[in-house]
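Trainee: Going line by line, the protein sequences match chains A and B. Mapped onto the UniProt record's numbering, the consecutive letters of the first sequence carry residue numbers 1 to 246. Mapped onto the UniProt record's numbering, the consecutive letters of the second sequence carry residue numbers 1 to 439.
Hints were generated in silico from the structure; no laboratory data involved. Any given hint could turn out to be false.
[Said to hold, decoys possible] Listed below are the simulated BS3-like cross-link pairs for lysine-lysine, each with C-alpha atoms no more than 30 Å apart in a straight line:
{"#": "1", "chain 1": "A", "residue 1": "K39", "chain 2": "B", "residue 2": "K5"}
{"#": "2", "chain 1": "B", "residue 1": "K434", "chain 2": "A", "residue 2": "K87"}
{"#": "3", "chain 1": "A", "residue 1": "K140", "chain 2": "B", "residue 2": "K434"}
{"#": "4", "chain 1": "B", "residue 1": "K5", "chain 2": "A", "residue 2": "K144"}
[To be verified] Examples of chain A residues toward chain B, derived with CB under 10 Å:
{"#": "5", "residue": "G73"}
{"#": "6", "residue": "A190"}
{"#": "7", "residue": "S194"}
{"#": "8", "residue": "I231"}
Bear in mind the structure is a predicted one, so any value in this text is a computation, not a measurement. Every residue, glycine too, gets a C-beta built ideally from N, C-alpha and C.
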Amino acid sequence: MTTQVDIVGALNKATASQNTVIETTHLCREFGQGDTLVKALTDANIIIERGEFTAIIGPSGSGKSTLLQLIGGLDNPSSGDVFLDNKNINHMTGTELSDFRRDHIGFIFQAYNLIPVLSARENIEYIMLLQGVPTAERNKRVDKLMHAVGLEGLGDRRPAELSGGQQQRVAVARAMVSTPSIILADEPTANLDSKTGADLLDMMKELNEKQNMTFVFSTHDPKIMERAKRIIRLVDGCIVDDERRK
Amino acid sequence: MLIVKLAFRNILRNRRRSLLTLLSMGGGFFLLCLTLSMSEGSYSNIINIFTQDHTGHVQVHKENYLERPSLYKTINHADEIITQLEQQPLVLGVAPRIYSPSLAYGKNKTFPAQVIGIDPDREAKTTRLENKISEGHYLTKEVINQITREVTNQVTREVTNQVTNLEGNQISTDGYFPAMIGFSLAKNLQLTIGDELVLISQGIDGSIANDIFEVVAIVGDVGSYERMNVYIHLSAMREFLSMQGDTSKVHELAIILSSQSEAREFAVNTQLALENKNLSVDPWQVVESSFYKSMQADKKGSYVSMGIIIFIVSIGVLNTILMGTLERTREFGVLKAIGTRPVVVFTLIMLESFVLAIISCLIGLALALPVCFWLAGVGISMPEPIDMGGIIFDTMLGEVSWFVVLLPSIVVISSTLIVSFIPAIRAAKISPLKALQAV
């Protein structure tokens, strides 16, 4: 016999499932074999919900980047599964995964990783061109984002003509332009001076709050930790702490 | 458009390297184009000289005549066929011929000779026989009439006129038929202009054909095709061989066309048009099959040298493309990480190579065309002329044709795409993570 408590529980679970962007189950990643076997990540079970501003922290070699790469479908787990928008990305082919990354994930890298032969504007536009977004819509979105990240007037500059902070702003805009389910940022402030890093983080925090965009950072930057709503701490590939803040 | 934009910008990114690649590929195109132009030009020159020497571009015979020539395998009603052929726009000349292996006698010596009955006017339009007279005069109407007058100086003028009107340029049985003889035959028989030449052969009716001729010209030299030949007028030949009835019977029709490259197609079409006449129409490649085969073998040899050029150019291109893709590994990782499909990465690299190949072809073409035109017009004079079976080559000529331009283009573009295939596949297949971790 179904009780009222069961129904409420099931409803809560369904709502939670709708809000879940990422779910990892028993995620493991090992490198090498035999004597040289390294367990980079062990039994990671995480659920990240829409609108979270999460920081994955830990010392160097703790598995932060590995976890981020597995979530982003850039690497394959040794065991376990990654569900992104309730889809298991581990069983996708190369082309399916490319399309999935294009439509659902935005990446921000430590080294900016912009395409050097394209201008700032073209870098932001690139993903929309892959998606086949019409020109008018593309221009509208790029203009809006360039304004949001404070890059107005710099659209025609190539990455080499921009400062580190400006390049990372372009990277943020590129990551956000296709309105992905989640933005994964791997040490985004590591190459920036503290003021530029702080400004950039404030900007991302604002975008998170205004547009309910989900951010997951891999970092050991205290500035990110200060702003994060949730901090997942990793040590030697294991999740040792999962702290939620108000 | 995005891919095209990226491809062009990537090419322009490292301009010095792109320029060196373009020069290397353009140089390859230039060398290929030049080699091909020289080779095709030389072969065309040889073919033209060879076919215009005596063979013609196409020949018509009775079936199986080429395999087993016979006095009795004649083309009947040749006049009708000649008229039909001469109406073709491609045809520049048709030369009818009658062949008879004979015994030539002069000044106490006897030698075998190939006697050929020709229509002097048609032969002059078809081959270079008239230009090969080293002594005396070609079998023109004037010469024949002059000889007629000399040999019939005791006959009344009235009779002479009557005789010369018998058959245009045929003379009476009272006089001597004029004959042009090959250089070696003349030397062997110790004959000079004005001497008598006796020919003995088999008539078509089984009788012994024999007649006295007057030497009016010496043809060719010691190495030429005609050295042991005797040329007489067709009508004289018919009378010599007692060919009665059809006065237009011949053994061979040699046809010269405005372009030797049309020979095969023309032969096929003519064969169809002459169906039910038991005739065989063959292009020069079949008539002179041994010459054609040796030429083809020589061509294959030149293709080997072209293959070496292609190989060297391809290695250079492979090196450039590999270097370009290796140093952009991280960039490919980014492209893939942000959602670029592997096939797009593959297409991007192939497109870059294709654009490089096209530009290098244009550079190569700009360099090669003036040289090829110069070679085709002026050519390179050989310090020592080459004698090939009596045909003298003193200038190496080039050729400018679609083939000379298109083949190097196809070779450069396809070899570039082939060598780019492996780096492109590697870049398309590389894991984005590994690529991002590349230095």
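Trainee: Decide, hint by hint, whether the structure agrees.
Mentor: Consistency of the hints with the structure:
Between A:K39 and B:K5 the CA atoms are separated by roughly 43 Å; this puts the pair beyond 30 Å, and the hint is violated. Using a Cα cut-off of 30 Å, the hinted pair B:K434 and A:K87 holds, with the two alpha carbons roughly 24 Å apart. Between the alpha carbons of A:K140 and B:K434 the distance comes to roughly 35 Å, so the proposed pair goes past 30 Å and is violated. For the given pair, B:K5 sits about 24 Å from A:K144 by alpha-carbon distance, which is consistent with the 30 Å threshold.
Given the 10 Å rule on beta carbons, the hint for A:G73 holds: about 9 Å separates it from the nearest Cβ of chain B. At a threshold of 10 Å, the smallest CB-CB gap from A:A190 to chain B is about 15 Å, leaving the interface hint violated. The beta carbon of A:S194 is not positioned within 10 Å of any beta carbon in chain B (closest approach about 26 Å), and the interface hint is therefore violated. Because the closest C-beta pair between A:I231 and chain B is about 25 Å apart, greater than 10 Å, the hint is violated.
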